[in-house]
Structure formats: C-alpha cells, structure tokens
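There are 2 protein chains.
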Amino acid sequence: MTHPDETLASLGESAVLRRIFPRLPDAASALLGPGDDAAVVAAPDGRFVVTTDTLVHGPDFRMAWSSPYQLGWKAAASNLADVAAMGARPTALVVALVAPTATGVHWLEGLADGLREGCAALAPGCGVVGGDLSVSEQLTIAVTAFGDLEGRPPVLRSGARAGDVVAVCGELGLAARGLELLFARGVDAAGAPDAVAAASLRPAFDRELDAQLAPSPPIGAGVRAALGGATAMMDVSDGLALDGRRLAEASGVVLDLSSEAVGSPLALTGGEDHALLATFPADAALPSGFSPIGRVLVGTPSLHVDGRPFDPRGGWDPYADWDGGVG
Amino acid sequence: MTHPDETLASLGESAVLRRIFPRLPDAASALLGPGDDAAVVAAPDGRFVVTTDTLVHGPDFRMAWSSPYQLGWKAAASNLADVAAMGARPTALVVALVAPTATGVHWLEGLADGLREGCAALAPGCGVVGGDLSVSEQLTIAVTAFGDLEGRPPVLRSGARAGDVVAVCGELGLAARGLELLFARGVDAAGAPDAVAAASLRPAFDRELDAQLAPSPPIGAGVRAALGGATAMMDVSDGLALDGRRLAEASGVVLDLSSEAVGSPLALTGGEDHALLATFPADAALPSGFSPIGRVLVGTPSLHVDGRPFDPRGGWDPYADWDGGVG
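Just so you know, the protein sequences line up as chains A and B, in that order. Under the working numbering, think of the first position of the first sequence as 852, with each following residue one higher. Under the working numbering, think of the first position of the second sequence as 852, with each following residue one higher.
Just chain A, with the same shape it has in the complex (with noise of 0.2 Å):
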C-alpha cells in the first residue's frame, strides 16, 4: 500500500526505483532488462529505429488536467507514434524523469501504470527497458522510444511522388478541441487551470479531452502503411498543414488536400493529433484505417487546400505559443 506523504525526497532514489519498476510494462525484445549500467535489446534485423521527445511540465502539461496516469499514458503514446510514422513496431522505451524532490512517490506510481496501460494498448509487447531519475524544480519525462523495420526499407518524409495519393490516419483535430475546451473552460475565476473545472467537461467532452491528455494513435497502422506500400510518412503532431508541409518539403512536391476531406479547420491547423499522414502509389489499396484527404501534384514544394496555397501559420509551435504559464 502506498502512503500519500511519501515522496522522493523521503524514500530516496533507490526505494523509489524499486517501487516503480514492478509497474513498468516488460518488453518482449529486452534481452537484459533495468538494474545494470545499460539494457541490452534486441534488433532482429540488424538495425533499429530510435527517436526522442520530452514532455515539459507548463508548455506540454499542467497537473492540474492531466493526471500522473496520463502524463505517462501521452509520454509513451506520442513516442510510440514516431516509431509507427517509419513504418516500424514499437519494441522498446527508455524513461528520464527529472522531478522535483517533493514529488509523491503515488504520483510516480500513477506515471508508471499510465506508460504501461498505454503500451499496452497502444503496441502490444512494447516496454521500458531502463530509465533515469533526477531531480529539479521543474516536472520533466524523456523518453526515448525504438522499433523494428521488420527487414523493411523505413518510410521517410522525402518518399512523395506527384500522383500518389495523400491519406491520414487517427483523429485530426480533436487533440487541439481538448486543449480549446481546457483553455476555455478547465480554469478557475482568474483563468488559472483547474481540475475541478476541468472534470465538469466529462462526459461530455471525453473524447476531446482524451485525444489531447491520453491520445491513442493508430500505433499499428504504421505497419500497415509500409506493408501497403507507403512512399512517404510520418507523425502529424504540429498541424496537418505545417507537417503536411515539411513532407512536401522533404519530397519536393505540392500536397493539395481537400478541405471536404480534411474536414475542420481546427483539423488543418490543431497540433498534438498523433495522426498519420502518408502517401500511397495512386492504384494502392489503402491500408484499413486510411482515409485519402488529397493528391501530390508537381510544383513548388509546399502545402495546397483545394488548389490553393495554404499558409500553415496556426500549426502548434511551441516556442512562439508557450507562456511560461504552470498549473
């Protein structure tokens, strides 16, 4: 059982590491797990795929919204959907956090279930291999996330063809709703986040509030995409429209989607959706759970909707938008 007072500073790193391990999900490729200098992981085909990204608490997180649960649910999540945007399987996770020493041991707990559930569900036989615990001020979770090509060439940004097909998987849109509704509505009289506020949104607003605290992407779809034939892919998590740009930019070719297709302009330009976007030869079966949303077409590279250039200002750039502000 746990105690609410029990903090890192009180039980110290050690006791610490030895209540969080047990809750930390195994992966299946660990050849030599936690508790040596380093992990030894396993890479079938010779070679493996590794990325990194970094949930910082006040521009990426307020604890006021997200719960320990889904701070590690979203940490594993929006790593395990960089690996996908290859065209590999998820195998494994590695986990800096940097908390602060007042930090409830409870709380570190809930950050371990949520990476757990969330490779659980996310990429079956994914887990945490080994990690880093430091302390600061400020709440910060590293991860570095690997997977493996399978023997498959990997699914770049710089694959487009003019005529392939464009096509998205995952929510578009409904990530940044989540962070509209918090913003508008998940604070208290003077603006600040609040997770009494924020808890009236639900039900209601579940959906929303779950793409943009404890997303779910379509994890396996990046696999299929590669299977099916993919020229190009990758992770949709600054805006369709400024990610949709950096892949034409990398392929040297015109995105036109269509905004019927797209759907919301809140879908164009709202980060942190986790989708896949990726292009497919034009007589390509799409792969389940891909919707086609434009067509490459030669031209200056850049990004078009409905065959008209679209300045993708409004994407989520966390250097202009962040604030500073922490709840």
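No lab work stands behind these hints: they were computed from the structure. Note that the structure is a prediction, hence the values are computed from the model and not measured. Treat each hint with caution, since some may be false.
[Said to hold, decoys possible] According to the in silico footprint, chain A covers these stretches of chain B (three or more CB under 8 Å from chain A): (1) 944 to 954; (2) 975 to 986; (3) 991 to 997; (4) 1015 to 1021; (5) 1123 to 1131.
[Claimed, not checked] Covered by chain B, per the in silico footprint, the following chain A stretches (three or more residues, Cβ under 8 Å): (6) 935 to 943; (7) 966 to 974; (8) 994 to 1005; (9) 1013 to 1021.
[Stated by the list, open to error] For each label pair, taking beta carbons as the anchor points, the in silico distance ranges come out as: (10) B:R1053 x A:S861: 24 to 30 Å; (11) A:P1004 x B:S1142: 44 to 50 Å; (12) A:S1009 x B:D1039: 49 to 55 Å; (13) B:S1109 x A:D856: 39 to 45 Å; (14) B:L868 x A:D1057: 34 to 40 Å; (15) B:A1135 x A:S1067: 49 to 55 Å; (16) B:A1035 x A:S865: 28 to 34 Å.
Glycine included, C-beta positions come from ideal geometry on N, C-alpha and C.
Following the hints, complete the assembly by docking chain B onto the known chain A.
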C-alpha cells in the same frame, strides 16, 4: 557568424536546429540520421546496448563553473561510460535538450561542439543520430547512448566470483576533489558559484577541474575488459565504495579493497569518477589500464576495506546532497 543576442526565442526551433545540426558529430552507425520522425541505427550483431542519463542545472552543474562546451562533453562522457561498462563499443547518442527561451544560440552551439569533441576524443565513430529541443525554465540535458557488443555477452554487475581480482581503470577521487575545490574556492564572498573565482583555480588544478567538468572516462577500456575476461563490470559514478557495494550485492560476494591500492579516502567515497570497476579471474592478465585494488571473497554481500566492513555512506547521493541551489 553568431550574434550574442540570438536566442532560442528570437530564432525559433527550426532555425536553431539548422545551426546546431552541422556541429553535431556524425555516427558511423547511422543508417538514417536526424531529420525524419526517427533515426535508424545499425545493430550488426542483432542487439544494442542502451542507457540514459540526465544532467540538470542546479544539482548536476552550475553555469558559473561549466561552459556549454564542457557540459556537452560531460553529457556525452557520462553516458559513454555506461555503455563501456557493459563491455560495448559506443555507437550513437540521442540528445533531449530542455532550455529556457532566453538561451543564446551561441551557448547551444557550444554544447553541440562539446558533444562532438567529447565523442571524437572518447569514442571515435560515435555520433548524434537524433534529438529533441524543448523549452522550460530549467536547463536539462537528457542523453540516451547506444553501443555494440560485437557478438560478445554483456559484462554484468552480477558476475563476480570468489577468488576474482578487483581492478579499476580511470581516476578515482579526482572529480570529487574538483567539486570540493569549486565549492570552497570557486565562489564569491556570499558563497555563490563564481566564474572568475573558479578560473583562478587554473592552471594549478586543471586535472581536478577537468575531471569534474569535462571528464575523460576510459571508454575503450570497456571493450578491453570484456575481451580480457572480465567477470563483472560497472561504471563508478556514485563513489567506489557505494558502487562497489552494489556490484558485491548483485554478485552475492564480498569485495575486499586495499586502502593502499585505492589511495585517498576521497577515492573511496567521491562521486562522478566514471572509472570502470571490474573483476577478473585470478589467473587473468589485467587488460592495459586496469590496476588491481582488491579481491572477491565469499561472505555476506558487502564492501570491505582491508578486511573490514566499510560503510559507503559518503558516496554521492543526488537526493540527499542536493540543495536546490543554482548558479
């Protein structure tokens, strides 16, 4: 050329990354480097070693004492040492940097230079294959490092056997002496870390300061130890006595060290040595660079010095010792 008033906030993430990437070291093992959703790294024997470690402003470094170049170097070195301690050859790093928006681009370039030169000096061929740049009020550098076991089994902490020789490669106590000097004489009249005061310690204490601020662990000795038959090995980062006890406990043996062979008391208890502690069969010739400092005995797992139990308290505990001061 760089301008002193360019910051993360004024340039934005993309422009900053374009400035930093060319300074980062290439990894010979990179099949796909930075720029896509994830990197792809070679793992020729079908496995990879992975470890992660974080440097946090305040507990782990002070701006008045460390240049960005030294920080980059140390972030690389401390992670490379964990890879080496498995008997592996370091192949690649990913770097998750969290920095205040006011951080100068010149500062970030210095960090990249230190990462590059640290890799070049300590583990040629190892390079940076990916990273993440986030904003926060507190500077944090989380590095994840990879290594190649080249077909060998990893050298664990748990393999020491009664009769083995205990040996060490690297400098013991020097980094702790450097930190003592900085706290005693690298401060202003009020006791705050001070760059001018710290500079006055050079050149007299170059070795001590370099061991603390930009350490050069014997990375290549990890592979030599593995090839030389090491039965157990670990990176000494929290002090020889504390880490030696961990190795003793993992192996179920007594490590009996010779105080004469170890040297000063600080060599037993000082932290951040990043030396390699290893055990070898009694009849093995020690690999070059390793010096014998004790024997492995049967008994209740513990650390002894000159045949008597030694309490390793006094080793660096980042939780107990952290005062939250930042300079």
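Here is how each hint holds up against the structure:
Check result for the segment 944 to 954 of chain B against chain A: holds, 5 residues qualifying (beta carbon to beta carbon below 8 Å, three or more required). With a cut-off of 8 Å between beta carbons, the segment 975 to 986 of chain B has 6 residues touching chain A; three or more are needed, and the interface restraint holds. Residues of the segment 991 to 997 of chain B with a Cβ under 8 Å from some Cβ of chain A number 5, which satisfies the need for three, so the listed coverage holds. Remark: the segment 1015 to 1021 of chain B is not confirmed as covered by chain A, as 0 of its residues place a Cβ nearer than 8 Å to a Cβ of that chain, below the required three.
Only residues whose C-beta sits within less than 8 Å of a C-beta in chain A count toward coverage, and the segment 1123 to 1131 of chain B has 0 of them, not enough to reach three; the restraint is violated. Only residues whose beta carbon comes within less than 8 Å of a beta carbon in chain B count, and the segment 935 to 943 of chain A has 4; three or more means the coverage holds. Only residues whose beta carbon comes within less than 8 Å of a beta carbon in chain B count, and the segment 966 to 974 of chain A has 0; fewer than three means the coverage is violated. Residues of the segment 994 to 1005 of chain A with a Cβ under 8 Å from some Cβ of chain B number 6, which satisfies the need for three, so the listed coverage holds.
With 0 residues carrying a beta carbon less than 8 Å from a beta carbon of chain B, the segment 1013 to 1021 of chain A misses the three-residue requirement, and the given coverage is violated. A beta carbon spacing of about 40 Å between R1053 (chain B) and S861 (chain A) contradicts the range 24 to 30 Å that was offered as a hint. Under the hint 44 to 50 Å, the C-beta atoms of P1004 (chain A) and S1142 (chain B), about 48 Å apart, fit the expected range. For S1009 (chain A) paired with D1039 (chain B), a C-beta distance near 53 Å keeps the hint of 49 to 55 Å intact.
Against the hinted window of 39 to 45 Å, the Cβ-Cβ separation of S1109 (chain B) and D856 (chain A) comes to about 44 Å, which satisfies the hint. One distance hint, 34 to 40 Å for the beta-carbon pair L868 (chain B) and D1057 (chain A), holds here, with the actual separation near 36 Å. A hinted range of 49 to 55 Å holds for the C-beta pair A1135 (chain B) and S1067 (chain A), which are about 53 Å apart. The hinted range of 28 to 34 Å is satisfied by A1035 (chain B) and S865 (chain A), whose Cβ atoms lie roughly 29 Å apart.
Of the numbered hints given earlier, the model fails hints 4, 5, 7, 9, 10; all others are met.
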